[in-house]
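Protein sequences appear in the order of chains R and H.
Quick note on numbering: our numbering labels position 439 of the first sequence as 439, and the sequence is numbered without any gaps.
Quick note on numbering: our numbering labels position 394 of the second sequence as 394, and the sequence is numbered without any gaps.
Keep in mind that the hints were calculated from the coordinates and are not lab data.
Incorrect hints may appear among the rest.
Pairs of lysine to aspartate or glutamate residues, derived as DMTMM-like cross-links and limited to a Cα-Cα distance of at most 20 Å, are as follows [stated by the list, open to error]:
| hint | chain 1 | residue 1 | chain 2 | residue 2 |
| --- | --- | --- | --- | --- |
| 1 | R | K608 | H | E620 |
| 2 | R | K535 | H | D358 |
| 3 | R | K608 | R | E565 |
| 4 | R | K6 | R | D358 |
| 5 | H | K538 | R | D346 |
| 6 | H | K608 | H | D573 |
| 7 | R | K535 | H | D542 |
| 8 | R | K601 | R | E565 |
| 9 | H | K608 | H | D564 |
| 10 | H | K535 | R | E482 |
| 11 | H | K601 | H | D564 |
| 12 | H | K538 | R | E565 |
| 13 | H | K535 | R | E479 |
| 14 | H | K586 | H | D573 |
| 15 | R | K538 | R | E527 |
| 16 | R | K608 | R | E620 |
| 17 | R | K538 | H | E479 |
| 18 | R | K608 | R | D564 |
| 19 | H | K26 | H | D358 |
| 20 | H | K586 | H | E620 |
| 21 | R | K535 | R | E565 |
| 22 | R | K538 | H | E482 |
| 23 | R | K535 | R | D525 |
| 24 | H | K601 | H | E565 |
| 25 | H | K531 | R | D346 |
| 26 | R | K531 | H | E479 |
| 27 | H | K6 | H | E565 |
| 28 | H | K608 | R | E620 |
| 29 | H | K535 | H | D525 |
| 30 | H | K531 | R | E479 |
| 31 | H | K26 | H | E15 |
Since this is a predicted model, take the numbers as computed values, not measurements.
Protein chains: 2
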Amino acid sequence: MLAEIKRVVIGSPLETARQSHERLNKRTALAVFSSDAMSSSAYATEEILRHLALAGLVGTAAFHYAMPIALLIGLLLVIVAFSYRQTIAAYPNGGGSYIVASDNLGRLPGLVAGAALLIDYVLTVAVSISAGVFALTSLFQDLTPYRVEIALLAITVITLANLRGVRESGAVFSVPTYLFLLSMLSMIGYGLLRWLLGDTIVITPPAGPVAGPGEVELVPGFHAEPVGLFLLMSSFASGCAALTSVEAISNGVPAFKKPEARNARITLVWMAGLLLTLFIGITWLSGFGAVPSNEESVVSQIGRGVFGNGSLLHGVLQFATAGILFVAANTAYADFPRLASLIARDRYLPRQFATLGDRLVFSNGIVLLAIFAGALMVIFDARTTNLIPLYAVGVFLSFTLSQSGMIVHWFRLRTRGWRQSALINGIGACTTFVVMWVIIVSKFLEGAWMVVLLIPLLVVLFISIHQHYVHAARQLSLEGLEPPPPLRNTVIVPISTLHRGTINALRYAESIAPGNVTAVHVSLDEEQTAKIRAKWAKWGGDTPLVVLHSPYRSLVRPLLRYLDEVQRRWDNDVITVVLPEFIPAKWWHHLLHNQTAFLLKSALLFRKNLIVASVPYQLER
Amino acid sequence: MLAEIKRVVIGSPLETARQSHERLNKRTALAVFSSDAMSSSAYATEEILRHLALAGLVGTAAFHYAMPIALLIGLLLVIVAFSYRQTIAAYPNGGGSYIVASDNLGRLPGLVAGAALLIDYVLTVAVSISAGVFALTSLFQDLTPYRVEIALLAITVITLANLRGVRESGAVFSVPTYLFLLSMLSMIGYGLLRWLLGDTIVITPPAGPVAGPGEVELVPGFHAEPVGLFLLMSSFASGCAALTSVEAISNGVPAFKKPEARNARITLVWMAGLLLTLFIGITWLSGFGAVPSNEESVVSQIGRGVFGNGSLLHGVLQFATAGILFVAANTAYADFPRLASLIARDRYLPRQFATLGDRLVFSNGIVLLAIFAGALMVIFDARTTNLIPLYAVGVFLSFTLSQSGMIVHWFRLRTRGWRQSALINGIGACTTFVVMWVIIVSKFLEGAWMVVLLIPLLVVLFISIHQHYVHAARQLSLEGLEPPPPLRNTVIVPISTLHRGTINALRYAESIAPGNVTAVHVSLDEEQTAKIRAKWAKWGGDTPLVVLHSPYRSLVRPLLRYLDEVQRRWDNDVITVVLPEFIPAKWWHHLLHNQTAFLLKSALLFRKNLIVASVPYQLER
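Chain R with its partners taken away, still in its complex shape (with noise of 0.2 Å):
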């Protein structure tokens, strides 16, 4: 029944054969690997805003500090796209920062990238989908008390969907990324225009508290920070926020058209560019007015502010939001497992999640990521605001990682132009260390601890799991085996009474181990035993029977006394325990007798040198 229920929900299981690649053009690679990065544009401005907020700068006095901030990070996003142009044409088969800091920097550097990209990863599907909640509640601010259970809602279906093992189709990604380009390129633009027209552009707050980072509310009279070093260097870090998934795309590179080098580094750079002008573009149009709050978001402000109160564009505009950003946490349900399935290859992770599920998905590692995202939506309560101070440190941590990588790279390949390369991936490595820092020391306290603590302990985790492989392919090696003399095996078969059940088994002892055989009773009723005694001249042929006495009525001890003895006995040979075992003809049967086979059996588990067989005698009613 639990398989019909797999079959429906799931799908029939799906042949190996139909394992396929679809090769991507660059307007549809762009919808896939571009919808996380560009996304993240959603919620980067109004996490700077939050930081603001609490030294009282609101309006046109944080739009004094945001722009320039927007701009340096801006200035990031470039150095760090540049540097990943570089990956790109070293690593044309795919360079993710696992593999890229593996191969150039060694093992642990390497398995540091990897945790740090899990986390990231559990991570993005958790702020994309409570920033796509923030959209979907902002148009609709009844809904804001129920934002968990819609966010668990949509992690579900997209678990589901990953489980059916949705085929990376364009149209998936195109519609809700193209339609938010869209609608946020008319924002900005109609934006633009209508100041460049010299209109003024009026954008209301909701009436409800100033809203600071991780939900604070600051009541009028709230004690204001001073604008200092501290405050903007965390109001820089939480807008690095927008750089997350930068590298989507040197990841991906096989999956371009050919020539997919220079397909990848054309997309990347439009990437890029497009991520860019909508942030700056975000960033500027807060200024006139929009005020960070609980209840709607900045984007939905701005919306509303340059599309009109109620119109109906502001109401596409938050759908694309909310579409875009469920597409961009089911980007790490690709992510993730694939990740995982390289890591458990290498033996770091259990090889459970190098398998293939039945619809040819890495289905463990799905189910993980739910789980662990789920578990952060109700942590967090579904506010991406609560979970921007964790999400940064694995990203930079992991750019640094793969930009060193690369930097090792060219000055071991020494290939045309190397000096260069190395240059720009060297200046990159160096800016995102930096940036890492800042994000360390800014937030440490406001969550990054978690992370900083978790990724050692996971490193950890993939060494010892390593271990315990190689330990165990060492032991299970053929090398140095010599082929084995043929066994001798005792047999000994415990017997409660004697019914078909019992000659059965007996009968099977005698076939596998001729004249090797012992029956044992162990006797717990002195009636029983001579009923057995009497019947064993004309049932027993051969074979021994040896009675064994149990003063505590216990059935197991006394056998597992006289097995030890016959171990002892008989060193270098195996044992093999027969049991009679029958089959009820009703599942509830099984309650009506002693399950003295299934006692036994738990006993005898994993003992060495002792092998059990149950032999079963079917009843037919």
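The hints should help you fit chain H onto chain R, whose structure is shown.
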């Protein structure tokens, strides 16, 4: 570790040889067998008064009805006691209703009596514990809200004591029983003395509202019922709870010192006399102004009135009452498992109930009783008055069946004086039959319907269990079985990779069926399969290797299909599947391996003519 906890809580196992039976003198026997019956005087009067209160009758007005009802119940008690004197004479080895009814009326009436008694014992625990808790909360009224918790604690303590196997030592029973008798008789005697000396006894009920049956609170101005036949029947039926467990002595005749029957009969008369005195005495004293209440029991109110408010003797009375009631619950802990074991020995209940546990007690019966009684506590809020409507039906049903059985007994044996004995049992049978119907009719809607429904359901369960055992025995019988010919065994060894564990398994397979072994490899990965084929030349010996293709990457399905085919081809034979299974050194290593052996075992479980043998290979680290 679980075994260690069990040893501390329950104690070490006891040897079978230590099972012994203590013979009881009359004084101790009165305590052991009568605590249950006599303790019912603690709540019987109150139940009568609760029903009369429904008609607005309290104080003197209630007394005019309560006293005649109590006297009628007293007459009933005399009739039942005399009837059971006959049973003692006829069944010196113990004549419980189950045995008497089975012996004389046949299997079905015996099972009905058995079902009624099992239900009764569960209710005895529930009623006695809740009445005992009420005795305590009457003294310490702050504890009233915690009565369910206190009741569950009491059940837990009594259950653990019984699982340890408390010897039925005289002291445990004698102290509370005689303390109770002494307190109660002092109260009645002192009350009588004060009344004879013309002293006014004033009982002041608690300030709260008058309570009807089932905790109903009768606030002033409630709609009073008319004093009709139904109300009087209902009061009488509730008071009949006083007669529960009168049959206990007749069950326990073999425990008496010689001459057993004579001593038992004398004890029975004493018990009936004492119970009569207590019940009538309390009912008489209640006439001085006791009013049923949910805060304080009627007995406690009388105790306060007679001994004085806040007197030490009142405190002793309440503790003694709680004590005898807990002891009464304890007797059901001996009766229920003993009856269940008798029924299980006749194969109408699972045989697990017939086996003595580690501590020489029927542990399964004890645990089952505790679970049911605990559930009743929670469902009925640990209130005696909620449980009473369920209680007396089963008691009087088993009385009727037992007495009817005795009539048949006398007619069959026709020993000296059989006519007179038959007449006495005849009167007993008729009376208890009529009373049973009075109880069923008047209590049906209050809760008796549950018992009326449950008894036939239990009987059906008994019969279907019996049928299974009969069918199983017939199918397993050796009658007509010819000594079977030797058996041909085909061995199949599923192999995923070649390592020391699989080599071990192959060697074992060759030893149990030389020349009859096939290795089977399910190919999930071409590379892996090629490796195995290459190694097979060196390690496979003469064993053929079959490679199965698995287009859907399932390991189990192709193997099952192959086994089906082999079974079809080699009919009349058995197949042994030898599974190489390696045993990691640490439990968490299990998580790091595909649970292939486990999956295969589950899939192969309970297949006809198929034997599974796991060959362990121990990893050292």
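Hint check results:
| no. | hint | in the structure |
| --- | --- | --- |
| 1 | R/K608 / H/E620 | holds (11 Å) |
| 2 | R/K535 / H/D358 | violated (30 Å) |
| 3 | R/K608 / R/E565 | holds (14 Å) |
| 4 | R/K6 / R/D358 | holds (10 Å) |
| 5 | H/K538 / R/D346 | violated (28 Å) |
| 6 | H/K608 / H/D573 | holds (11 Å) |
| 7 | R/K535 / H/D542 | violated (42 Å) |
| 8 | R/K601 / R/E565 | holds (19 Å) |
| 9 | H/K608 / H/D564 | holds (11 Å) |
| 10 | H/K535 / R/E482 | holds (14 Å) |
| 11 | H/K601 / H/D564 | holds (16 Å) |
| 12 | H/K538 / R/E565 | violated (37 Å) |
| 13 | H/K535 / R/E479 | holds (12 Å) |
| 14 | H/K586 / H/D573 | violated (39 Å) |
| 15 | R/K538 / R/E527 | holds (18 Å) |
| 16 | R/K608 / R/E620 | violated (36 Å) |
| 17 | R/K538 / H/E479 | holds (12 Å) |
| 18 | R/K608 / R/D564 | holds (11 Å) |
| 19 | H/K26 / H/D358 | violated (31 Å) |
| 20 | H/K586 / H/E620 | holds (9 Å) |
| 21 | R/K535 / R/E565 | violated (27 Å) |
| 22 | R/K538 / H/E482 | holds (11 Å) |
| 23 | R/K535 / R/D525 | holds (16 Å) |
| 24 | H/K601 / H/E565 | holds (19 Å) |
| 25 | H/K531 / R/D346 | holds (19 Å) |
| 26 | R/K531 / H/E479 | holds (15 Å) |
| 27 | H/K6 / H/E565 | violated (49 Å) |
| 28 | H/K608 / R/E620 | holds (11 Å) |
| 29 | H/K535 / H/D525 | holds (16 Å) |
| 30 | H/K531 / R/E479 | holds (15 Å) |
| 31 | H/K26 / H/E15 | violated (30 Å) |
Comparing the model with each earlier hint shows violations of hints 2, 5, 7, 12, 14, 16, 19, 21, 27 and 31; every other hint is respected.
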